[in-house]
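**Student:** Letter by letter, the chains look like this.
2 protein chains.
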Amino acid sequence: MQEAVSDLDGGSLILLSKCLQSSNRGKHCTFWLWPSSDLNQEVKLLLLYLSTDNGLQSLQSCPATNPSMLNVHLVPHTHDDVGWLKTVDQYYYGGEDLLMSDLKHAGVQYILDSVIDQLQKDPARRFIYVETAFFYRWWRQQSQSTQRIVAQLVNEGRLEFINGGWCMSDEATTHYSAVIDQMTLGLRFLNDTFGECGRPRVAWHIDPFGHAREHASIFAQMGYDGFFFGRLDYQDKARRMKTKEMEMLWRASESLTPPLADLFTGVLPNGYNPPEGFCWDQSCDDAPIRDDPDLEDYNVDEIVQKFLNASYRQAAFYKTNHIIMTMGSDFQYENANLWYKNMDKLIKYVNALQAKESKVNVLYSTPSCYPQELNLANLTWPLKTDDFFPYADDAHDFWTGYFTSRPALKLYERLSNSRLQTCNQLEVLGGPKSKSGPFGEGDSDTMSKAMGVAQHHDAVSGTEKQHVAYDYARRLATGWAHCEFSMNVYNPLGRTVSWPVRLPVNGSVYSVTDANGRAVDSQVGNVFISLKCTCYIYDMKSSCLLPLLSVRWFHCLSPHRNESFQKNEVMCVFVLFGNYRYNASAGNNKESRQTSGAYIFRPNSSDPFVINKTAETQIVTVSSTVQEVTQWFSPWVSQVVRLYEGHRELEMEWTVGPVPVADGLGKEVITRLDTDIKSSDYFYTDSNGREVLERRKDYRPTWELKQTEPVAGNYYPINSRAYIKDDKHQLTVVTDRSQGASSIYNGSLEIMLHRRLLYDDFRGVGEPLSEPGEFSDGLVARGRLLLTLSPPDTAADVHKPLAQGMVLQPLLSFQDGTPSANTKLEFSGLQTSLPPAVHLLTLSQWDKDTVLIRLEHQYQAKESKTHSQPVTVNLQKLFSTLEVLGASEMSLGANQWKEDMNRLQWNTEKTSKPLPLSAKDPSPWEVTLNPMEIRTLLLRVRQL
Amino acid sequence: MQEAVSDLDGGSLILLSKCLQSSNRGKHCTFWLWPSSDLNQEVKLLLLYLSTDNGLQSLQSCPATNPSMLNVHLVPHTHDDVGWLKTVDQYYYGGEDLLMSDLKHAGVQYILDSVIDQLQKDPARRFIYVETAFFYRWWRQQSQSTQRIVAQLVNEGRLEFINGGWCMSDEATTHYSAVIDQMTLGLRFLNDTFGECGRPRVAWHIDPFGHAREHASIFAQMGYDGFFFGRLDYQDKARRMKTKEMEMLWRASESLTPPLADLFTGVLPNGYNPPEGFCWDQSCDDAPIRDDPDLEDYNVDEIVQKFLNASYRQAAFYKTNHIIMTMGSDFQYENANLWYKNMDKLIKYVNALQAKESKVNVLYSTPSCYPQELNLANLTWPLKTDDFFPYADDAHDFWTGYFTSRPALKLYERLSNSRLQTCNQLEVLGGPKSKSGPFGEGDSDTMSKAMGVAQHHDAVSGTEKQHVAYDYARRLATGWAHCEFSMNVYNPLGRTVSWPVRLPVNGSVYSVTDANGRAVDSQVGNVFISLKCTCYIYDMKSSCLLPLLSVRWFHCLSPHRNESFQKNEVMCVFVLFGNYRYNASAGNNKESRQTSGAYIFRPNSSDPFVINKTAETQIVTVSSTVQEVTQWFSPWVSQVVRLYEGHRELEMEWTVGPVPVADGLGKEVITRLDTDIKSSDYFYTDSNGREVLERRKDYRPTWELKQTEPVAGNYYPINSRAYIKDDKHQLTVVTDRSQGASSIYNGSLEIMLHRRLLYDDFRGVGEPLSEPGEFSDGLVARGRLLLTLSPPDTAADVHKPLAQGMVLQPLLSFQDGTPSANTKLEFSGLQTSLPPAVHLLTLSQWDKDTVLIRLEHQYQAKESKTHSQPVTVNLQKLFSTLEVLGASEMSLGANQWKEDMNRLQWNTEKTSKPLPLSAKDPSPWEVTLNPMEIRTLLLRVRQL
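Those protein sequence lines, which keep their order, are chains A and U.
Here the first sequence is numbered in full-length UniProt numbering, starting from 1 and rising by one per residue.
Here the second sequence is numbered in full-length UniProt numbering, starting from 1 and rising by one per residue.
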């Protein structure tokens, strides 16, 4: 922020940050930090002068390097999972984990205590911290004096926040909306607490199991200078090491004008671990540096030589005379002294050899100092345009199971996102009654943090222990409880939706009326009453009255406006729905001992088994609102296929479980759509719910694939949709949650629905993925797929709104009694529907008088003749209840002004693809969105 | 010291301690501590005022207690073995122990780093440190600023040294001479470094496996106010808990006038561990205090209640409203934050309940603050006059094996003590050429420290891992190498000895001459040449020339003075030597799974097996110097019995090993002397080589014993001798090392010689005690027993000098070439022999102009008609090469002036035994020694 006065911890510590714009591309910042009680004293604890010219504002706190030597950047770090084997709170306090002796403590409170102590001992020492969910907990418990010390360490660049989101999100199973939110949550805390010096400059996804292009795009738009990760396909890594392509420029969007979505990306040499023999954590066994010649086993010479060898070995795979070494791992630095004491000695003794003509210079550094050095090298970096899925760490070890693991949690997370958006929007529209912000007492807080935690790469990914999965769900449920409003149907989309509602009932005669008392068309079945609501833009309605025996009433909206939707197209393509299962490998295969587990998908044969060739039971129901076919394939697999009046998509509601395992075989259930579409080996999957990537069976765009798992090696994550197409037809499947999908045969598209397994897959979770159900049997999962068939060139016009409607669903709630006379039965927050291409991604109260809004162009370039065009929104004509007094554009993460964003520029190989052009804003109040663009604005508003 | 200016670390830190004697019983001390570079600045870092009136000088830094509540003294501590599973140096640096995952790091460097950091965070926090061997290593590596901080913490009583010796010595297998030395080494370092505030006031033997009365006597004479330990017989403990006799006054000498050897002694409630559920070290699994109500599993109420329960439960076993809890264990506090953070919370939340009428007051405290509170209670405490051997922790678990474990190491340690004394004495007698002190470059340093380490309760005890045993031996060997002097036979005793010498040779004709070229009577056998040296008081001679083929020459002294020894008495008592073995329990016994191991002795039957009823081979040799019988009982057990001309004792040289174990049985070899002495169930064993205690089979003086192991439960340690007697005869066996001994039958005395075992005994060492020999077979051990038979009332006159001669042996060394003309061939350091009752225990260079001397009366009261009388030594007539200019008496530990010793006074039950009276010094230069008294003097000397 340009000027910020943050009052930390009850007013007694004052951090002043004054940044003066001195030129177009830089500014000068001065920080003063003192306890307010000392204001009258002439004690100035800190005066820091920062020049931010040319985007190098952190460089001055970066350590000196030596241009004529091999510079080894040691990066002390800890990787703190926001839940995995223990819950996030258990990890925070640490201790008491009788299950995992290795990570016995894993106490983040102690890690931060210890690191802060150790940083103070030597100004050369550096540390990075990543997971704001933990840092936030810790910060709240610190004394003012500790907070003051930490702020000073941050200002001096000795403690640096990296990544900075609430968690280190999963990349395969998350939706971009929730990812942006969790990043914003973390980044805002850092910004509010530490100002500019707390702003991360590098993204750091060292552990996620494969990397989504959309994540890279998001990070680029958030202003990050670089991105580092540890895991990629072992074949890909081997090739990159050989060709020195471990570092590259990732062009992460086909729609956004470069360098908007360009991100410098580095593959770390040892995952996120130190080189072998140099782990000095309490959890490690490597020899400490024994440098007292009077004591036994003096080993300085031996260790120094080993380090020099490791450095040269690593340098052979990278382009410059700078290399990075991650000095840390999971929950390390609980006793940071062990690390720093030995690293201090390492640096001392290795660099001492420079006097004897050694050309290795080792230094404490950070992931943001390192790319600055690479940038100065002014090289041309290889260009990457696809993504890093799927991830395999060996020939039979494809991490494609977690795309589907824990389907119920994956759905609940997705529904919670919808609820959170609603909650945020209602806080804005509710005006002054809403609370001030995410760290105040605002009601969206709890959900915001629960969702922040749920994005973690062992949360929504489904790769946590069972008790931890329950904890994530519990947190989300608490979030829901905090998002109860006195309204009953709310449509959080920026446009009208028509939405089928089914409610369980225990009678047979009901009348449903709308807000005006008019009858709503409804249908009472065996145990459900079905009806259809049409919810308008940002509607908050209580209109469908359903007098139940319990004196509860249900509100819905009657379809009193005209439908714009056409009738369903005739399905001119043969689509066969089939339910199949793969039997899971138990690791007794001759090629490999790898089992199918929470992470890994590995069927024991490449052909799935059909569960039942014909559905045993079929119930067909036809009414004015819906046509429905219920099919039972087995006692544990059924589906209902529905066609709603006025909708063009086919809804397929699947129910799978309890998956039987009495035969000793784990099972992974898919639904497969077999068509006569000539898709050949191609299929398409989305990236985090935004742009779509082309997939090709047994093929990777960046290296010559040796395929070793014909099924698992062709699975990709889908977050909102997948499709196959030929010249004439496109079959698109829109999902309600993240799943794994593939096309193994020409014309077929398969989606994995549920998994129940009997073995752990040796990636640390230590449990087989076998979710318990209600009666100690396996979990029953249920979900919806929406299928549409369109010509390819208009398909997006259909699946885009469908997918958005799946992501942001109208919110139903129930209330006892009948509405009082004063009850406001209808309310709309927007003046008018947004243009079809525009999605209101975020609407959230920021401060007392400000609102954060994100407007998104939801079409890719060239995707839709109609919609893949620039579109303009007038901010002042947006809201029905708010007057917009001012608007400032921010980075996507909302932690700096857009105009202050100064990212490093990188040279890359020329590409033959035409670069998209971008249109400009016609006026300060009019925001033009180019395809796939998200614009983040802080609006100053007044409640009308 | 009364005034001390210590220049720490190269002169840039100055610690001034000025203590002014203000009354007979107290003094005022002021400390200033500042960096010398700051001397001109007005920055006074520390000003501490201490009153030492009434011996309560530490009380002012003790925390406040509440007289109307139960005060729980939390004592944060770490127990750092000076070698056990890892060597002392490995423990210092930590890490890299792949054998023991629990104590993976056990890095003392990190412990001290971490504790010092944590103590600074809150002045209420306390820590005690015990093992100076480690602290010394650590201190040397610290910066001046850290040293300054540590000194301040010590001065404020926040870091307190407890015990303070170089190690926490074993009590069963150590010799008092080495124990006093190792204590002096540690205490002197503390005194030199920290002055009076660094002086430990409490002895702390929390881990040794049984407790020797002589140790208590030593601690009392060193000025300690109390003594705490953790291990005692389980039956004894149960009884003491019941009768509230966990705390007592130990009257540790039958000869010294009370309260000279009285020591307040406390049994700790939980060994040295915290109460169950309150271990917060990184190596523990107990729940941390989770006090954030916003996070999961808030557990403050539950933990507080659990703590209150534990406190009340413990208080039931103790007499006052103060109880002590040891908060720590083996190598804990490597990450002290975990402990302190949770203890801080514990104290906060437990004491917060006082507002709600709780009567429990918990506080950080130390083992010296705690007894001061007990002392104020002014109670009468039970009296203890025997010792705490043997130690059993269950019915079949007697820790009596280690009395004998590793017999070769036990001998080497004993010989090294002799060498060290010689080394010390020669430094004094060598005058200005000798180095300044134990922390300078003095040659005795290395041996002094090696011996300090070897006294540890997992060193000479034989209970360490094999590789650690090698390390102790290596250290001693290095010590020997640093004690090579240009002299060849040196007698370190204060009187003349006649000493048989056997040297291995490879020829058959040798002539031996003395310093004057006269022939020495010698005898060449098969591989040995035997001769006899008589070495005079503090002799340094090179007199016996033995022209070997290798041009080496050997020096010995010819018997040119008259012998005062009588001929051997006729052996009028039948003594049968027999060699037996016990077969070790393999833990497959129905009563218990306990095995025999390094610690535990548990034969699988109560009757030993005779190795061979008759010796198979007997060789008899008779010469003018020695009569010798060699007996082979089996290929692995033999003995040589010798009677030397002019000596009255019988020498029995035993050779045992390799002990065969191919039959699957571990074996413990004893020699048993069966006599017709009517000893009934009584026998006698020494305590650490000083006073002798009466033992009675199947009996303990302090409780009604339920005997469960008829052999192992009757074993006691002997360090120098054991005897049986009746009215007429006493058979005394003098040993060359510490061993286990017992008398199972009337008239018999058995001594365990060697042990080889096949199983670990589950006390942590994790190895069976099976020492490797030269060719990957078992170790061969060899040793000597000296047997004398005398009337009981003159027995001490014989065995006392014999044992002293065994402890301090003439030092032989070898040199190439022949002595040059200038070589001084004879030299005596004392003017005359000391009186027979007086033993020169210590003669050691202290500072440039000072010498530490300890004179000991080596007879117990009433032990000898001739010698159990006060005896006076004139200090000025002592040395032939030194003039004594001044003498100041010190405490036994030489860390304070005797006149400043102010120990707490304790009330105890009246005893019917008459108290010994003590004679006074006739003049300032004349030192009178009462029976068993040791007087420690610092002499100011000038080289003549």
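Please note: incorrect hints may appear among the correct ones.
Straight line, CA to CA, 30 Å or less: simulated DSSO-like cross-link-like pairs of lysine-lysine [to be verified]:
1) Lys121(A) x Lys306(U)
2) Lys865(U) x Lys877(U)
3) Lys678(U) x Lys706(U)
4) Lys345(U) x Lys121(A)
5) Lys237(U) x Lys910(U)
6) Lys341(U) x Lys121(A)
7) Lys244(U) x Lys341(U)
8) Lys237(A) x Lys910(A)
9) Lys341(A) x Lys242(U)
10) Lys345(A) x Lys121(U)
11) Lys910(A) x Lys848(A)
12) Lys848(U) x Lys910(U)
13) Lys121(A) x Lys356(U)
14) Lys306(U) x Lys341(A)
15) Lys877(U) x Lys341(A)
16) Lys706(U) x Lys725(U)
17) Lys613(A) x Lys678(A)
18) Lys465(U) x Lys121(U)
19) Lys306(U) x Lys242(U)
20) Lys725(A) x Lys862(A)
21) Lys345(U) x Lys356(U)
22) Lys465(A) x Lys877(U)
23) Lys341(A) x Lys237(U)
24) Lys121(U) x Lys348(A)
25) Lys356(U) x Lys319(U)
26) Lys237(U) x Lys345(A)
27) Lys862(A) x Lys898(A)
28) Lys121(A) x Lys237(A)
Listed below are several chain U residues computed to face chain A (Cβ distance under 7 Å; list not exhaustive) [as the list claims (entries may be wrong)]:
29) Leu295
30) Asn335
31) Ser770
32) Glu774
On the chain U side, residues computed to face chain A include the following (Cβ under 7 Å) [stated by the list, open to error]:
33) Arg240
34) Glu296
35) Tyr298
36) Asn299
37) Asp301
38) Glu302
39) Leu338
For the record, the hints were derived by calculation from the structure and aren't laboratory data.
Heads up, the beta-carbon is just placed ideally off N, CA and C, and yes, glycines get one too.
**Student:** Regarding the pair Lys865(U) and Lys877(U), is the alpha-carbon distance no greater than 30 Å?
**Tutor:** 26 Å, holds
**Student:** Run the distance test for Lys613(A) versus Lys678(A): straight-line Cα separation, threshold 30 Å.
**Tutor:** The given pair, whose Cα atoms are some 24 Å apart, holds under the 30 Å limit.
**Student:** Quick one, is the Arg240(U) hint okay against chain A at 7 Å, beta carbons?
**Tutor:** 34 Å, violated
**Student:** Within a Cα-Cα threshold of 30 Å, do Lys306(U) and Lys341(A) meet the stated pairing?
**Tutor:** 38 Å, violated
**Student:** Would the pair Lys244(U) and Lys341(U) pass a check requiring their Cα atoms to be no farther apart than 30 Å?
**Tutor:** Violated. Lys244(U) to Lys341(U) sits at ~33 Å, over the 30 Å cutoff.
**Student:** Compare the distance between the alpha carbons of Lys345(U) and Lys121(A) with 30 Å, and conclude whether the hinted pair is satisfied.
**Tutor:** Holds: Lys345(U) and Lys121(A) sit about 26 Å apart, inside 30 Å.
**Student:** Answer holds if the nearest beta-carbon of chain A is closer than 7 Å to that of Asn299(U); otherwise answer violated.
**Tutor:** For Asn299(U), the interface hint is violated, since the closest Cβ of chain A sits about 9 Å away, which is over 7 Å.
**Student:** For the pair supplied as a hint, Lys306(U) and Lys242(U), is the alpha-carbon distance within the 30 Å limit?
**Tutor:** 23 Å, holds
**Student:** For the pair supplied as a hint, Lys465(U) and Lys121(U), confirm whether the alpha-carbon distance does not exceed 30 Å.
**Tutor:** 38 Å, violated
**Student:** For the pair supplied as a hint, Lys237(U) and Lys345(A), is the alpha-carbon distance within the 30 Å limit?
**Tutor:** This hinted pair is violated, its Cα atoms lying about 49 Å apart.
**Student:** Would the hint linking Lys848(U) and Lys910(U) be met if the CA-CA limit is 30 Å?
**Tutor:** With Cα atoms ~47 Å apart, Lys848(U) and Lys910(U) exceed 30 Å; violated.
**Student:** Run the distance test for Lys121(A) versus Lys237(A): straight-line Cα separation, threshold 30 Å.
**Tutor:** With Cα atoms ~38 Å apart, Lys121(A) and Lys237(A) exceed 30 Å; violated.
Hint check: violations occur at hints 1, 7, 9, 11, 12, 13, 14, 15, 18, 22, 23, 26, 28, 31, 32, 33, 35, 36, 37, 38; the rest are consistent with the structure.
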